[in-house]
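Asker: Top line first, the protein sequences correspond to chains A and B.
Residue numbers for the first sequence follow the working numbering, beginning at 5 and rising by one.
Residue numbers for the second sequence follow the working numbering, beginning at 11 and rising by one.
There's no promise every hint is true.
[Unchecked claim] One-sided excerpt, in silico: chain A residues whose CB lies under 8 Å from chain B:
| no. | residue |
| --- | --- |
| 1 | F52 |
| 2 | E108 |
| 3 | G112 |
[Claimed, not checked] Simulated crosslink set (EDC-like; lysine to aspartate or glutamate; CA at most 20 Å straight-line):
| no. | chain 1 | residue 1 | chain 2 | residue 2 |
| --- | --- | --- | --- | --- |
| 4 | A | K74 | A | E34 |
| 5 | B | K66 | A | E108 |
| 6 | B | K36 | B | E15 |
| 7 | B | K36 | B | D93 |
| 8 | A | K59 | A | E83 |
| 9 | A | K22 | A | E108 |
| 10 | A | K17 | A | E83 |
| 11 | B | K103 | A | E108 |
| 12 | B | K103 | A | E83 |
| 13 | B | K36 | A | D63 |
| 14 | A | K7 | A | E83 |
| 15 | B | K103 | A | D63 |
Since the hints were made in silico from the structure, they are not lab data.
Note that CB positions come from ideal geometry on N, CA and C, so glycine has one too.
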Amino acid sequence: DVKVTQSSRYLVKRTGEKVFLECVQDMDHENMFWYRQDPGLGLRLIYFSYDVKMKEKGDIPEGYSVSREKKERFSLILESASTNQTSMYLCASSLWTSGGGDNEQFFGPGTRLTVL
Amino acid sequence: SQQGEEDPQALSIQEGENATMNCSYKTSINNLQWYRQNSGRGLVHLILIRSNEREKHSGRLRVTLDTSKKSSSLLITASRAADTASYFCATQKTSGSRLTFGEGTQLTVNP
């Protein structure tokens with residue numbers, strides 16, 4: 005069964021802390037994504053990656069960075085956490101096909117981050 | 011700008027009834043996808059419809075796409091309490107590009 009796992013379901017951090025959210029997929033997917041989900045705002049794309057060591061900014065990259073050192077792992081980093089980064093964070097992956105292709109995304113269970 | 015916008019924002023029905031959710035979008039697309047999210051969980055892909063398709067079925071799900079009106083609908087027939095979830099549409103503008111999600115419809119099916 006295909007799987008996307010996230011390192012924590014719930015996380016509580018203090019303002020100013022450096023926070024790492026880890027995502028691992030076992031489907032050998034090239035594409036990986038980080039979203040945040042907030043009530044009334046839906047899913048907003050933070051960063052995505054089409055390959056190892058590649059990254060692209062999404063719609064709301066400010067305050068975040070990412071790392072993709074291995075194909076199966078995509079990390080989201082909050083360099084200095086702030087209260088407005090309290091949210092549900094969702095990781096997803098999808099297959100890349102030559103010439104593009106129709107790509108459904110597979111999601112992890114989410115990490116609910118609270119910044120105090 | 012918001013690419014996919016679901017309507018209604020919330021829907022409450024009785025078990026056995028049909029549930030219809032709509033999605034509108036602004037630009038041309040390659041495909042439109044519907045996802046389901048149970049409370050506090052990740053999203054699960056339900057169905058994908060390509061821009062050259064008008065209707066697609068999967069079990070109790072029926073999806074339509076009207077590219078001239080830039081809209082799609084998701085119909086769940088004979089709903090069950092277990093269908094209670096949020097449903098999101100997502101559009102892919104070009105083949106292989108990123109998805110853009112709407113804000114979702116919260117469906118409650120009362121037993």
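Asker: Now, for every hint given, state plainly whether the structure supports it.
Answerer: Structure-based check of all given hints:
1. F52: For A:F52, the interface hint holds, since the closest Cβ of chain B sits about 6 Å away, which is under 8 Å.
2. E108: With Cβ-Cβ at 4 Å, under 8 Å, it holds.
3. G112: Holds: closest Cβ of chain B sits about 5 Å from A:G112, inside 8 Å.
4. A:K74 x A:E34: holds (10 Å)
5. B:K66 x A:E108: holds (16 Å)
6. B:K36 x B:E15: holds (9 Å)
7. B:K36 x B:D93: violated (28 Å)
8. A:K59 x A:E83: holds (17 Å)
9. A:K22 x A:E108: Distance of about 32 Å is beyond 20 Å: violated.
10. A:K17 x A:E83: holds (12 Å)
11. B:K103 x A:E108: holds (13 Å)
12. B:K103 x A:E83: violated (32 Å)
13. B:K36 x A:D63: Holds: B:K36 and A:D63 sit about 17 Å apart, inside 20 Å.
14. A:K7 x A:E83: violated (27 Å)
15. B:K103 x A:D63: Distance ~15 Å between B:K103 and A:D63 Cα, so the pair holds.
In summary, the structure is inconsistent with hints 7, 9, 12, 14 from the numbered list given earlier, while agreeing with the others.
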